[in-house]
Amino acid sequence: MVFSGLTERTGRQANTLRRIMQNDSSKLPPKVLAISSGKGGVGKTNVVANVACALSRKGKKVLIFDADMGLNNIDILLGLASPFHIGHVFSGEKKIEDVLVDGPRGIKVLPASNGWQELTLLDSEKKLLLMEELDRISGDFDYLLFDTGAGISSNVTYFCSAAHDILLVATTEPTSHTDVYALMKVLFQQHHQKRFRLIVNAVKNEREALEVYKRLSTVLDRFLGGVTLEYMGYVVHDANVSKAVRQQKPFIELYPHSKVTQCIELVTQRILKERDRFSPDSDRPFAWRSVLQI
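full-length UniProt numbering applies: residue 1 is where the sequence shown begins, and numbers increase by one.
Check before you lean on any hint, since a few could be wrong.
Said to hold, decoys possible - Heads up, simulated SDA-like pairs for lysine to any residue below, C-alpha to C-alpha not over 25 Å straight-line:
| hint | residue 1 | residue 2 |
| --- | --- | --- |
| 1 | K243 | K127 |
| 2 | K273 | D140 |
| 3 | K95 | I76 |
| 4 | K61 | K127 |
| 5 | K127 | D140 |
As the list claims (entries may be wrong) - Cβ-Cβ distance ranges computed for the label pairs, FRET-style:
| hint | residue 1 | residue 2 | range |
| --- | --- | --- | --- |
| 6 | G106 | R136 | 19 to 27 Å |
| 7 | R136 | G41 | 18 to 26 Å |
| 8 | Q117 | K259 | 38 to 46 Å |
Treat the hints as calculated values from the structure; they're not laboratory data.
All residues carry an ideal CB built from backbone N, CA and C; glycine is no exception.
Using the sequences and the accompanying hints, generate a full structural model.
See the structure below:
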């Protein structure tokens with residue numbers, strides 16, 4: 001979709017803000033979580049898929065948006081057929097509800113494109129269109145999960161800044177620690193984000209996870225004063241995870257009594273507790289308010 005200029009864009013922003021302000025204040029907006037990592041290959045998308053299923057098990061309506069928009073992952077991981085993707089929304093060919101795919105446990109998935117390089121760097125018009133479309137359907141969901149790309153690109157920082165909470169996935173690898181720290185540094189210095197949560201993936205036990213958390217916390221205290229990092233839990237290394245990936249199914253569905261499923265359920269319980277404290281009267285009452293400043 002092509003926009004004619006600043007006047008039209010400003011008008012669209014005003015219309016979107018007006019619609020948000022007119023929303024039923026008695027209903028909480030969806031809790032928006034950005035799940036990111038800084039580094040690829042840490043199992044972030046797998047964490048997203050299984051947390052979404054765990055939330056759905058608790059009766060929550062969940063939408064996953066594959067926010068790595070040039071390279072689709074979540075639909076492949078879940079074995080979903082997706083004839084359309086977010087690129088068709090940007091082109092004006094489809095509305096967002098036409099693109100949504102039914103996932104396991106009743107979750108909905110908004111797929112990314114595959115190999116559309118122009119979507120790896122969203123301009124202001126595309127950001128505004130995406131905001132409007134997500135805002136229009138958001139009342140149908142309790143949780144919206146952004147599965148961001150890896151790294152510190154503008155798309156990654158955009159979706160992290162638009163979320164109510166930022167969940168970072170790390171492993172025991174030193175490169176993972178370095179990249180997670182780099183992402184927090186960029187989000188703090190350039191986007192004024194001060195609060196992060198950490199999930200440590202593929203560890204032997206919780207002691208190993210806590211060592212990662214303490215190491216990152218120490219670095220933050222030393223170099224990024226004012227930034228807080230909260231420990232949200234860990235996901236144990238389990239051969240069942242790889243088996244589930246090969247079958248393109250969530251491991252919590254295939255192996256409901258496994259240790260790795262128990263880990264995801266504990267993380268999900270902590271996410272749900274945060275939801276209980278979530279209020280539309282908070283300093284960030286709705287994720288899209290921050291996106292209006294583009």
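Verification of the supplied hints:
no.	hint	in the structure
1	K243 <-> K127	violated (37 Å)
2	K273 <-> D140	holds (21 Å)
3	K95 <-> I76	holds (22 Å)
4	K61 <-> K127	holds (24 Å)
5	K127 <-> D140	holds (21 Å)
6	G106 <-> R136: 19 to 27 Å	holds (20 Å)
7	R136 <-> G41: 18 to 26 Å	violated (35 Å)
8	Q117 <-> K259: 38 to 46 Å	holds (40 Å)
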